[in-house]
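Please build the complex by placing chain B on the supplied structure of chain A, with the hints as guidance.
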Amino acid sequence: MSSVDSSGDGGKWLDAHYDPVAGLYTFSSCIDLADLSGDRESRLVVGDLGTGSSGMKLKVYRGTALISENSLLDLPAGLVAFFMDLHEPRIPAVAVASGPCIYVYKNLRPYFKFTLPSLDINPLEQDVWQQAREGQIDPVMLKEMLESIRKKADVPLSVRSLRFLSLESDEVDEFVQLYKQQPIRRQTVITCIGTLKKSTADEDGISCLVIGTENSDVFILDPEAFTILCKMSLPTVPTIMDVTGQFDVEFRITVACRNGSIYILRRESEKPKYCIELSSHPVGLVRVGKNMVVGCTDESLQGFTQKGKKLWKIILPAPVTTMAAMDLPTRGLQAVLVGLANCQVHLYRDKNLLSTIKTPDTVTSICFGRYGREDGTLIMTTKGGGLMVKILKRTAVFDDMDSTPGPPLAQSVRLNVPKKTKLYVDQTLRERENGLAMHRAFHMDLSRTRVAAARAYVKALESSLTPMSSSLSKPLKMNAVVQGLGPSFKLTLNIQNTASCRPIMNLAINFLYDDNLYRIRNPYMKIPLLVPGLIYPVETFVECTSDKGISDIIKVFVLHEEKSSPLLTAHINMPVSEGLVLS
Amino acid sequence: MGLFDKLVGWLGLKKEVNVLCLGLDNSGKTTIINKLKPSNAQVQDIVPTIGFSIEKFKTSSLSFTVFDMSGQGRYRNLWEHYYKEGQAIIFVIDSADKLRMVVAKEELDTLLNHPDIKHRRIPILFFANKMDVRDALSSVKVSQLLCLENIKDKPWYICATDAIRGDGLQEGVDWLQDQIKTMKT
Chain A
1 MSSVDSSGDG GKWLDAHYDP VAGLYTFSSC IDLADLSGDR ESRLVVGDLG TGSSGMKLKV
61 YRGTALISEN SLLDLPAGLV AFFMDLHEPR IPAVAVASGP CIYVYKNLRP YFKFTLPSLD
121 INPLEQDVWQ QAREGQIDPV MLKEMLESIR KKADVPLSVR SLRFLSLESD EVDEFVQLYK
181 QQPIRRQTVI TCIGTLKKST ADEDGISCLV IGTENSDVFI LDPEAFTILC KMSLPTVPTI
241 MDVTGQFDVE FRITVACRNG SIYILRRESE KPKYCIELSS HPVGLVRVGK NMVVGCTDES
301 LQGFTQKGKK LWKIILPAPV TTMAAMDLPT RGLQAVLVGL ANCQVHLYRD KNLLSTIKTP
361 DTVTSICFGR YGREDGTLIM TTKGGGLMVK ILKRTAVFDD MDSTPGPPLA QSVRLNVPKK
421 TKLYVDQTLR ERENGLAMHR AFHMDLSRTR VAAARAYVKA LESSLTPMSS SLSKPLKMNA
481 VVQGLGPSFK LTLNIQNTAS CRPIMNLAIN FLYDDNLYRI RNPYMKIPLL VPGLIYPVET
541 FVECTSDKGI SDIIKVFVLH EEKSSPLLTA HINMPVSEGL VLS
Chain B
1 MGLFDKLVGW LGLKKEVNVL CLGLDNSGKT TIINKLKPSN AQVQDIVPTI GFSIEKFKTS
61 SLSFTVFDMS GQGRYRNLWE HYYKEGQAII FVIDSADKLR MVVAKEELDT LLNHPDIKHR
121 RIPILFFANK MDVRDALSSV KVSQLLCLEN IKDKPWYICA TDAIRGDGLQ EGVDWLQDQI
181 KTMKT
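Protein chains in written order, with the numbering used here: chain A, 1 to 583; chain B, 1 to 185.
So here's chain A without its partners, still in its complex pose:
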């Protein structure tokens, strides 16, 4: 007894049993739970597919142990447990559909074998084989004639003829010798099986078997005499079946078919009543109450009403491997279990994901119900042949979280927006009415601002009135500081070469001033080589010669020896000389 890590399922399931090497290869259609010994303890009945060609078995588990094994002759297509009589104690029989037959087991012993009625044989085919038997035609001729029948005839050939046509030329003689004496038979095979209560809805009421065949027919069989009670035809081959109702009252058979459609058959109509055309092929079909949930190959799960109206569709994270219903009436829980190829089993109530179970291997079959004495038991078999049993906790609660993508919950909470004022309303109205004019006015002002800015810029460029040199070869920056109270001032010019790497040479500074007012010690100065990035202070002394307490502008020009126009111009507003006033 080993346990699996139950992370991800929110602690809703108890890991009762996991046997990774149980050697159980099966699908949900071949698995059922039934009280086979009348002791109120349910057993697990499994139609094991073995390797697909051998080792097909009917296995019965009790608790964690395998208690019985019966060999099956052919691959099981479906398995159901059903009550076929009213004998006490109430022990159900097990019906295994395989090939064209249904094998019925009672008390785990073979009890009855039902074979589907054989189909009509093409008379031409019969004639040809008749001639072969009488030696009138040789195998080569036989092959040619059968080939032509196969192409033309509307009644298909029997399995024997088809096998004959597929043989190599050296095997045909032997084949004809072996089989020519036997009459031709054409058989169909069972594709799906279900049960339908005969006249009462009781849990242990007698049930009819409902079978779907490769020949696109649906039969309802009498449980005691095994006669065909009812025959219905479908346009195509049924693969998955769900049956509800009672045969004598009203019933509804929902079949998913190989052409990607779902048909709904009802009592007293030989043809399907409703048809749902799916966008892709169905993988699983489960009825929940009155609605149907279908899993499709395009990784979607869709809900339909019993009349075929589509209710919802959700996209799954991985392809569906199998589906099963989870019905727990004592707790009012009805949901759908969906096995996915990414080793998860999702539990959906309508389109809402209730819980996710992580499994160590991909699940191929799911069965939920009463196992042993525990009502909420989930049984899964895996791709690798493992058997897993989980029990729903008594205290587990599934909350209906809405997993559909969309706006978060907070978005629908109303904000406390203050009331609109009259001013706001008037303004809004005005904006709405005069929108065009306002926009135009705005653009007019914007253009004007741009023109004014451009003009100012051009003017500044033309007069080189910037403390920044705009010439690309000699980028310079200068600021001036005047210190002192007067009459003599100290004028410091901080010059910086803003080029990234190139030094500037052959620069000079010249001053332009009113010589009635000021005297500058050296009005023409040479500037040393300017290394990029460093700030060079150039100092000179200015003396104010006037005693009238007036000031003027001194213009500073940074000149290059080879150019006539200055690189940089700065206007310095000189302060009033206070020294003279004081003295």
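Take the hints with a grain of salt, since some may be wrong.
As the list claims (entries may be wrong) - DEER-style ranges, computed between Cβ atoms:
no., chain 1, residue 1, chain 2, residue 2, range
1, B, Glu85, A, Arg370, 29 to 35 Å
2, A, Pro20, B, Glu16, 50 to 56 Å
3, B, Ile164, A, Thr236, 55 to 61 Å
4, B, Gln170, A, Phe226, 53 to 59 Å
5, A, Pro20, B, Arg165, 35 to 41 Å
Please keep in mind that the hints were generated in silico from the structure rather than gathered at the bench. What you are looking at is a predicted structure, and each value in this text was computed from that prediction instead of being measured. No residue lacks a Cβ here, since even glycine has one placed at the ideal position from N, Cα and C.
Quick look at chain B alone, frame taken from chain A:
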């Protein structure tokens, strides 16, 4: 004290203790209680208990009142209403039901974490029942699967029993009696 006990015994005034009998359905709770009653009061047919039933039996020094709770899933939520009154717990396990051992463990954990039980030093007696069934687990294996070694703050004892024949029951009840007496003094 010994003299007083004897006196009480002579007078037939034994001390009363309330015991809760818990466990999953079909584990044999009612059968065990039935077997502990005097032979003239035993019933022959045991049917699944509905809700709960109150049974009384006496040992050499104590008078037990047992609340025999139903173990069926739908009645298990009744258990917690009786935790307050219980002075001891008998927990019965079906040793042959390997599949539902996890369910028994889950119910035991819920019981031990209940506020009415968690902080009380209440003795718990485990009966690993149905030892007569062929592939039943041993009492050691049962205590392993239920993780009984994790119960540190309560006295507990497990004994293998066969309730139909009555094997092992007396051993368990004697232990319970000793525990209750030491608890009182």
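Hint check:
1. B:Glu85 x A:Arg370: 29 to 35 Å: holds (33 Å)
2. A:Pro20 x B:Glu16: 50 to 56 Å: holds (53 Å)
3. B:Ile164 x A:Thr236: 55 to 61 Å: For Ile164 of chain B and Thr236 of chain A the Cβ distance comes to about 59 Å; the hint holds.
4. B:Gln170 x A:Phe226: 53 to 59 Å: holds (58 Å)
5. A:Pro20 x B:Arg165: 35 to 41 Å: holds (39 Å)
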